[in-house]
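Q: Take a look at the letters that make up each chain.
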Amino acid sequence: MTRFLLRRCAQAIVVLILVSVIVFCLLHMLPGGPARAILGVHATPTNVAAFNKANGLDGSLPAQYWHWLTGVLSGNLGFSYVQNESVSALLGQRLPKTAFLAGISVVLAVLIAVPIGFFQAVRRQRVGDYVLTTITLVLYSTPAFWVAIILIDVLAVRLHVVPAEAPQGSFSALLSDPQALVLPVLTITLVTVAAFSRYIRSSVLDELAQDYVRMARSKGAGSRVILFGHVLRNSAGPVVTLLGLSLPFIVSGTLITEYVFNYPGVGLLAFNAATSQDYPVMLGVVIVVAAATVIGSLLADVTHAVLDPRVRSAAGIR
Amino acid sequence: MRRSLRRGLSAIAIAAATLAAAACSSGSGAGSSAGGKPVSGGTAVYAELPGSTPNYIFPMLTAAYYSVTNIEQFQRLSFRSLYWIGNSKGQPVVDPSMSLAATPVYSDNDSVVTITLGNYKWSDGQPVTTRDVAFWINMLKANKADFAAYIPGEFPDNLKSYKIVNAKTIVLTLNGSYNPTWFTYDQLSQITPLPQQAWDKESASGAIGNYDETPAGAKAVFNYLTAQSKDIATYGTNPLWKTVDGPWTLVNYQSGGYAKFEANENYSGPTKPKLKYFVEQPFTSDTAELNVLRSGNSIDYGYVPEQEASQAGELASQGYSTEPWQGWGTTYFMMNFNNPTTGPLVNQPYIRQAMQSLIDEKSFVEGPLKGYGSTNYGPVPSKPSNPYSDSYETTGPWPYSPSTAISLLKSHGWTVKPNGVSTCTDPGTGASQCGKGVKPGAQLSFNLPYASGDEVVSQEMQALKSDFSQAGIQVNLSSEPFDTIISMMTPCTPSQAGCSWEMLNYGGGWTYGVDPYPTGDQLFETGSGSNSSNYSDPEANSLISATVRGTASLKAYEDYLAKQVPVLWMPQPDYQISEISNKLQGTNPQSPIESLTPENWYFTS
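Residue numbers (this note's numbering), protein chains in the order written: chain G, 1 to 318; chain L, 1 to 605.
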């Protein structure tokens, strides 16, 4: 197991370095550069040159990358002139908010999607399955921003049941205004439920066709025992993997949701950074999301291996 | 909406009397549907424009933080300038009643300025004195390269010396004679007296001293205050920012631009705040803000995005009134006078005049701008109402007239080919020939990249292409990212690689914020820092100089520039289509330089 973990960690580091190099190069290929974006349209060439020098932007690309990388390794992700704050502080403020939004939404999605997926698999090709398939397919094929707009129009503008804007201010402010969280959470939950339930349905159907299920049935095991004693655990493995690998999808979903609902999370931070050429923040967000994705994937693999002996065996883990 | 009543019966009585007076005297309000009784206290929420969030509190700010949002909509709430621009009629002129000092007195052939302060106090009870003015000047002299508004040759370079006569009077001796209006508006209005008794120190634990009186000390103080201003997490709690002479004190600031101000109970200015709190609320996008407006009343002072202007009237059902906010600026797009190929063409005034005659500004205002803008034919805006623009410039020497454009070209040796490309068939420098540098067979064809992402600009450019073709002027449009456009916008010489652009439209122009007296010296004088189109005209230089260093009015300058067309003037869009709750009154007029004065606002029951 230790060897497996070390191998996966090494892979993760290589992935992170590659991601940072690619993003760093792509960002610096953008026209204009950060000085113009920050100093404005009427900045003189002297202003731009002074800014570049003061911020180490006048060196070669490799030198700039090395400067940034050594800073990151020492915990310094850089400083955002657009936000007038260190990137670490910005991420420190925004990450918990996004994690909170995504966490609640994913937990809700799993709690809803698992029973739906099971129900559909067990009742496959019956009325209930068809109805739920239709609903989930509609939600699955609807972009998150569209779901958000419909929810706002119906629940906030027409019915005035909940606010159209997410809670503002500190993290504690989020908790003090739960009504304002309803629409952003609902948007992500609906989109995620659709994806998860389709996957769970397929996973459970696969398991129901396995030999061990037929064996259990032939030995007289009841449906309840088969489903919850055997199928649930075995079909949970792919679901755990799905959860780990869906992190980028969830983050991109929160970006759109945060944008629409004015939710002050990492997604919004990334969006604003992209529109204002806030290089340090963009790099910081990409690195953090990439790290979270790699770690999520790693955790999913390990959990899958723990849950499923076949995976341990295939990976040579003892 | 979060509101609270001010404590104390006497305070309520005084406030009620003040409110009644304000309501009677100005009659300013959000909309005609407003009624009800003025109430004291409450919290007004103002929606910030996307991407325009405040993030710097120290008034002597560097270029990276230099913005209308930081200066006029954040710092000015707490730290007032020596001379306040924007009067009760919404004109971009000094308002003596809102200024910290009386109208300056110029003497010795306008080379000596005597400034007398009014009876203002800091929130800690100390008077605002000339020492506080000197504190600003000393800090600026030692750190001018770091101050965003610094222009070489201007303040404080043009200040020979100053002398504090007493706590209320300070005398500035200049290095020459200057136009008093220009000097007051464009130089003195930038001075923001700073609380020397609270800020003149080199570290948080250091003692207050007179460190600013030496260059090294002034640098140390500047560095300390700058570092404090970069610690935005402490904005709401740092004692430094609690010593204010404005009507508002920042009590809560969140990363991202959320700012909550509390009324300064010790404010000594003419209009005491009636509200208890004023909140600036950031928004991710126009859409998010509009959704909130449509869903109810959690915003008291918001806006309708330009592209959604048609929704303005619909918000009336939610209790909002639409109030267009006209900014003090001029909109245009540029031609590169130094481009090796097209430079000789645009250096001919008649070609520029022909192009200006093909811009149908009125239809742009009615069409893409949906009525929320005004025609603009020169460097001095005709709106908002102001004492500078004259009828010649306002009506425009080159209003939309394709026949005039065709006539101008034909009379200068061009064979005009409508819907094709006109060609120079009579080269030479004679009065009826194409002009200096224009080669035989030269064609009126220009590449015109414009900033993407703005629907109005895109519509205007498409219409312009069509209008230009009527006189055989071909523009090859391309939509480019904003950053690509502004990266090209640098002064250049013909031999430089970066001088290959022919025309550019970044979708904006010039806002007369820190230079409210619109002399255009930064835009159109030869070699000036923001003269990105490389325009150079000795007559224009002379006229500009007369408005800055002489006593000439703006008339000759503005009429000449309107006629010469150094840039292609475009309609001036409104700064914002404000949507103001009918319960919030006192919001009009909206400041021409886009500052906020919530001390004038109050709710009605």
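Treat the hints as calculated values from the structure; they're not laboratory data. Be a bit skeptical, because a hint or two may be false.
Said to hold, decoys possible - Only pairs whose alpha carbons sit at most 30 Å apart, straight line, appear in this in silico DSSO-like list of lysine-lysine:
| # | chain 1 | residue 1 | chain 2 | residue 2 |
| --- | --- | --- | --- | --- |
| 1 | L | Lys219 | G | Lys53 |
| 2 | G | Lys53 | L | Lys230 |
| 3 | L | Lys230 | L | Lys141 |
| 4 | G | Lys53 | L | Lys144 |
| 5 | L | Lys370 | G | Lys53 |
Stated by the list, open to error - Reference listing, derived: stretches of chain G covered by chain L, where coverage requires no fewer than 3 residues with Cβ under 8 Å from a Cβ of chain L:
| # | region |
| --- | --- |
| 6 | 84-92 |
| 7 | 113-122 |
| 8 | 156-169 |
| 9 | 183-194 |
Glycine is no exception: its CB is placed at the ideal position from the N, C-alpha and C atoms.
Q: Look at each hint and say if it fits the structure.
A: Taking the hints in turn, this is what the structure says about them:
Distance hint between Lys219/L and Lys53/G is fulfilled; the C-alpha atoms sit about 20 Å from each other, no more than 30 Å. Distance hint between Lys53/G and Lys230/L is fulfilled; the C-alpha atoms sit about 19 Å from each other, no more than 30 Å. With a CA separation close to 22 Å, the supplied pair Lys230/L and Lys141/L stays within the 30 Å bound. Straight-line distance between C-alpha atoms of Lys53/G and Lys144/L comes to about 18 Å, which keeps the hinted pair within the 30 Å bound.
Only pairs whose Cα atoms come within 30 Å are accepted, and Lys370/L paired with Lys53/G is rejected, the gap being roughly 44 Å. Look at the region 84-92 of chain G against chain L: 4 of its residues bring a Cβ nearer than 8 Å to a Cβ of that chain, three or more, so the hint holds. Interface restraint, the region 113-122 of chain G with chain L: violated (0 residues with C-beta to C-beta distance below 8 Å; minimum three). Closer than 8 Å: that is the beta-carbon criterion, and the region 156-169 of chain G has 8 residues meeting it against chain L, so the requirement of 3 holds.
Counting residues of the region 183-194 of chain G whose beta carbon lies closer than 8 Å to any beta carbon of chain L gives 0, which falls short of the minimum of three for the stated coverage.
When each numbered hint is compared with the structure, violations occur for hints 5, 7, 9.
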